[in-house]
Amino acid sequence: VIIQLFSSVFKQPFKLVVYEIIAEIAVTISTLILIAVSFITLHFMMVIIEIGMGYTFNEILTVALYRIAFLMESPALVYKIIELGDLHYIPYIVDTEMITPTIQAAGWILGISLLLVFTWIGSYFFSGFYSSQVIIYLVIRKHKNGDDLRKKTPSTQFVPEIPEKDLLSGKN
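Residue numbering for the sequence shown follows the numbering used here, starting at 4 and increasing by one per position.
These aren't lab readings, by the way, just hints derived from the structure by calculation. Positions of the beta carbon are idealized from the N, C-alpha and C atoms, including for glycine. Fair warning: there could be bad hints in the mix.
Computed spacing ranges between beta-carbons, pair by pair [unchecked claim]:
hint, residue 1, residue 2, range
1, Lys83, Val40, 20 to 30 Å
2, Val40, Phe17, 15 to 25 Å
3, Phe17, Trp111, 21 to 31 Å
4, Ile138, Ile36, 35 to 45 Å
5, Leu35, Val137, 20 to 30 Å
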């Protein structure tokens, strides 16, 4: 299979490059659309929750943002988050010293949920990338040999081996 892959690819390198570029553009655009839809959904969800919970949600969100590794350790990122909060009605970062354990637990749950959303987006990108590699291989192989690997064709060259000795009875 690997020899067929290399022979298919190296006989048509220009097609491979063109297909790779098209596939990467399509996967990147679809991932960006997923990111945009996810962030718009998260933003509307946060605005609605903010209206209902008020300052308590600011505390929960602050604890959640601290769960995202290396996000809150950089002063530049913290200032950027505050600046974006002013522009887009995102809750402010608050002091976390006097937060109750219930708010801490809710913040941890929200932080893990946000990380799961980011992981889901990343896995979507990698899934799209590797799926496109399979599709590119099928297209190049079809162009090279005329083989359509999507169709299952019966093999007439297969000859089953007949054992010389019956293993259960010990007879030939």
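How the hints compare with the structure:
1. Checked against the hint of 20 to 30 Å, the pair Lys83 and Val40 passes, with Cβ atoms roughly 22 Å apart.
2. Range check, Val40 to Phe17: about 35 Å between beta-carbon atoms, so the 15 to 25 Å window is missed.
3. At roughly 52 Å, the beta-carbon separation of Phe17 and Trp111 lies outside the given 21 to 31 Å, and the hint is violated.
4. At roughly 19 Å, the beta-carbon separation of Ile138 and Ile36 lies outside the given 35 to 45 Å, and the hint is violated.
5. At about 22 Å, the CB distance of Leu35 to Val137 agrees with the hint of 20 to 30 Å.
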